[in-house]
Structure formats: structure tokens, C-alpha cells
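Visitor: The numbering used here applies: residue 195 is where the sequence shown begins, and numbers increase by one.
Hints listed in this document are in silico derivations from the structure and should not be mistaken for laboratory results.
Keep in mind that this is a model prediction, so the values were computed, not measured.
Each hint should be verified, as a subset may be incorrect.
What the hints assert, rightly or not - Derived pair list, reagent style EDC-like, types lysine to aspartate or glutamate, alpha-carbon separation capped at 16 Å:
(1) 280 x 348
(2) 281 x 295
(3) 344 x 333
(4) 322 x 359
(5) 395 x 358
(6) 392 x 333
(7) 344 x 358
(8) 357 x 385
(9) 344 x 385
(10) 281 x 358
(11) 281 x 315
(12) 357 x 295
(13) 344 x 298
(14) 322 x 295
(15) 336 x 295
(16) 281 x 261
(17) 336 x 298
(18) 344 x 315
(19) 322 x 348
(20) 395 x 333
(21) 322 x 358
(22) 280 x 315
(23) 322 x 333
(24) 381 x 315
(25) 322 x 305
(26) 395 x 359
(27) 280 x 305
(28) 344 x 305
(29) 249 x 235
(30) 281 x 348
(31) 357 x 283
What the hints assert, rightly or not - Ranges between beta-carbon positions, derived for each pair:
(32) 389 x 245: 51 to 61 Å
(33) 311 x 284: 11 to 21 Å
(34) 380 x 233: 48 to 58 Å
(35) 332 x 281: 44 to 54 Å
(36) 337 x 261: 18 to 28 Å
(37) 387 x 263: 55 to 65 Å
(38) 328 x 222: 17 to 27 Å
Every residue gets a Cβ at the ideal spot worked out from N, C-alpha and C, and that includes glycine.
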Amino acid sequence: MGWLLTSDDRPQITLRVADAKERGIGGGDLVFPGDVLGVIEEFTAGDGTYTYDGKVVACRLGIVEIDSINRRVMVTLVGRVPTLPKKGDIVLGVVTGIRRDLAEVNIHQIEGGASFSTPFEAILPVSKISTHFIRHVAEAVKLGDMIRAKVLLDSPHLTLSIKEEGLGVIAASCPLCSSLMGYYRGKLVCDNCRLTVKGRKISPFYVRKPTYLNLTSYVEHGLKNSEGGFT
Numbered sequence: 195m196g197w198l199l200t201s202d203d204r205p206q207i208t209l210r211v212a213d214a215k216e217r218g219i220g221g222g223d224l225v226f227p228g229d230v231l232g233v234i235e236e237f238t239a240g241d242g243t244y245t246y247d248g249k250v251v252a253c254r255l256g257i258v259e260i261d262s263i264n265r266r267v268m269v270t271l272v273g274r275v276p277t278l279p280k281k282g283d284i285v286l287g288v289v290t291g292i293r294r295d296l297a298e299v300n301i302h303q304i305e306g307g308a309s310f311s312t313p314f315e316a317i318l319p320v321s322k323i324s325t326h327f328i329r330h331v332a333e334a335v336k337l338g339d340m341i342r343a344k345v346l347l348d349s350p351h352l353t354l355s356i357k358e359e360g361l362g363v364i365a366a367s368c369p370l371c372s373s374l375m376g377y378y379r380g381k382l383v384c385d386n387c388r389l390t391v392k393g394r395k396i397s398p399f400y401v402r403k404p405t406y407l408n409l410t411s412y413v414e415h416g417l418k419n420s421e422g423g424f425t
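Work out the full structure: start from the sequences and follow the hints.
Guide: Set out below in C-alpha cells:
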């Protein structure tokens with residue numbers, strides 16, 4: 195995702211082009227093919243990079259190294275290369291944006307695998323949420339929800355679905371106090387402030403009785419657990 199191979203086998207920038215300063219890429223960061231590392235006025239292209247339209251671009255997945263003396267930027271291979279999300283994978287992610295016709299999702303983990311240090315951006319179209327008609331994405335998922343989803347497409351955009359049985363929201367935070375909500379008798383209930391919420395496409399894997407204070411701590415727990423993340 196995010197790049198295409200050209201005739202000379204260099205990743206052509208498609209989705210990941212952005213100003214390096216805006217994205218905050220620096221030495222020691224994990225980058226992907228197509229990530230812009232800087233401009234040629236700042237750096238020359240070292241191993242694992244190439245120049246494109248005045249920019250220095252990563253051509254492989256790895257760790258950024260900056261030679262300040264020679265003004266050179268390189269990308270070195272990491273010892274353990276994470277598996278990229280691909281079509282058919284079951285993934286865990288957090289809803290980061292809501293529109294009428296789609297939700298934006300950050301994928302944090304392929305189920306059963308290690309969590310990503312940098313999440314992958316994906317979309318969840320309204321047509322891929324439920325077998326029932328839904329007018330607006332917000333009828334089934336909310337901003338900040340953690341979902342269990344299936345990757346339908348891995349190019350040109352990571353596209354997800356939660357239509358199938360077993361998929362959907364697996365954790366949600368209370369809109370009033372931000373506590374992680376429990377799921378009882380078909381409703382989301384906040385044990386802290388007792389707010390009851392309807393209107394979610396809930397997965398049977400939803401955390402029925404949350405043991406974390408909020409969704410942030412739940413996500414952080416998964417990210418720190420390199421043996422498979424969320425429990």
C-alpha cells in the first residue's frame with residue numbers, strides 16, 4: 195500500500211507523500227517505501243533512499259539514519275520486518291475520523307501478530323459495515339472506537355469491512371467521562387457514570403467487563419505487548 199513499482203523497481207510515491215517536517219520523520223524512526231525523508235537541499239540520498247522531484251524518498255522499510263557531517267540520509271533494514279496488512283487479514287484498529295460515507299481507521303495490529311510501532315491508515319466505507327442499510331457511519335461506529343475488521347483491499351487504499359459475523363466494535367469509551375464501556379444485554383453501559391448508549395455494530399469479542407480505565411490505556415497495553423497486543 196502507498197507505493198507502486200516502476201520499471202526500475204523504485205517505489206513511486208502515491209499515498210505517502212508529505213512534508214517531512216509535518217510528519218516529524220527523523221533519525222531512528224521506522225519508515226516505509228514512499229515516505230519522504232527530506233529535500234535535496236537538506237540531504238543527499240544514501241543507502242535505502244532515492245531522489246524524486248527534489249525530495250529524498252525511502253525505497254525500503256527500515257530505520258532512518260542521518261549523517262549530519264556529510265548531510266546524508268539513509269534507511270537501514272530492521273532486524274524484524276513487521277508484516278504489512280494484506281487482503282483477508284483480520285486487523286485491530288481505532289476509528290480516527292467519521293464522515294457520512296466512511297470512517298478513517300488507524301490499524302494497530304494484525305490479529306495474532308505484533309503491534310505496529312506506526313499504525314497504518316485505512317478506510318471503512320459505510321457499505322462495508324452492516325448487512326442492514328445504514329445512512330451514516332456514525333450509526334454503527336463512533337470516533338475513538340476500537341474495531342476488529344477484515345482487510346478487503348490492500349491497494350491503492352487499505353479498505354476494511356466489519357460486515358461479517360465476529361467483526362465490529364470491540365471497545366468503546368464513554369462520551370461523558372471517557373471510561374471504557376462495558377456491554378450488557380445489547381447495550382453499552384459505563385460502569386463509572388452509568389450512561390447507557392445504543393447504536394454500535396458490536397463484535398462478539400467486545401470486552402464485556404473492561405479492566406482498563408479508558409481506551410487509551412487499553413491501546414497502550416496492546417502496543418507494549420510485543421507478543422500479540424490486545425487482550
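Visitor: If a hint holds in the structure, say so; if it doesn't, say that too.
Guide: Structure-based check of each hint:
| no. | hint | in the structure |
| --- | --- | --- |
| 1 | 280 x 348 | holds (5 Å) |
| 2 | 281 x 295 | violated (21 Å) |
| 3 | 344 x 333 | violated (19 Å) |
| 4 | 322 x 359 | holds (12 Å) |
| 5 | 395 x 358 | holds (11 Å) |
| 6 | 392 x 333 | holds (9 Å) |
| 7 | 344 x 358 | holds (8 Å) |
| 8 | 357 x 385 | violated (28 Å) |
| 9 | 344 x 385 | violated (30 Å) |
| 10 | 281 x 358 | holds (15 Å) |
| 11 | 281 x 315 | holds (14 Å) |
| 12 | 357 x 295 | holds (15 Å) |
| 13 | 344 x 298 | holds (14 Å) |
| 14 | 322 x 295 | holds (10 Å) |
| 15 | 336 x 295 | holds (13 Å) |
| 16 | 281 x 261 | violated (38 Å) |
| 17 | 336 x 298 | holds (11 Å) |
| 18 | 344 x 315 | holds (14 Å) |
| 19 | 322 x 348 | holds (15 Å) |
| 20 | 395 x 333 | holds (8 Å) |
| 21 | 322 x 358 | holds (9 Å) |
| 22 | 280 x 315 | holds (13 Å) |
| 23 | 322 x 333 | holds (13 Å) |
| 24 | 381 x 315 | violated (29 Å) |
| 25 | 322 x 305 | violated (19 Å) |
| 26 | 395 x 359 | holds (10 Å) |
| 27 | 280 x 305 | holds (12 Å) |
| 28 | 344 x 305 | holds (10 Å) |
| 29 | 249 x 235 | holds (9 Å) |
| 30 | 281 x 348 | holds (6 Å) |
| 31 | 357 x 283 | holds (14 Å) |
| 32 | 389 x 245: 51 to 61 Å | holds (54 Å) |
| 33 | 311 x 284: 11 to 21 Å | holds (20 Å) |
| 34 | 380 x 233: 48 to 58 Å | holds (54 Å) |
| 35 | 332 x 281: 44 to 54 Å | violated (27 Å) |
| 36 | 337 x 261: 18 to 28 Å | violated (41 Å) |
| 37 | 387 x 263: 55 to 65 Å | holds (57 Å) |
| 38 | 328 x 222: 17 to 27 Å | violated (43 Å) |
When each numbered hint is compared with the structure, violations occur for hints 2, 3, 8, 9, 16, 24, 25, 35, 36, 38.
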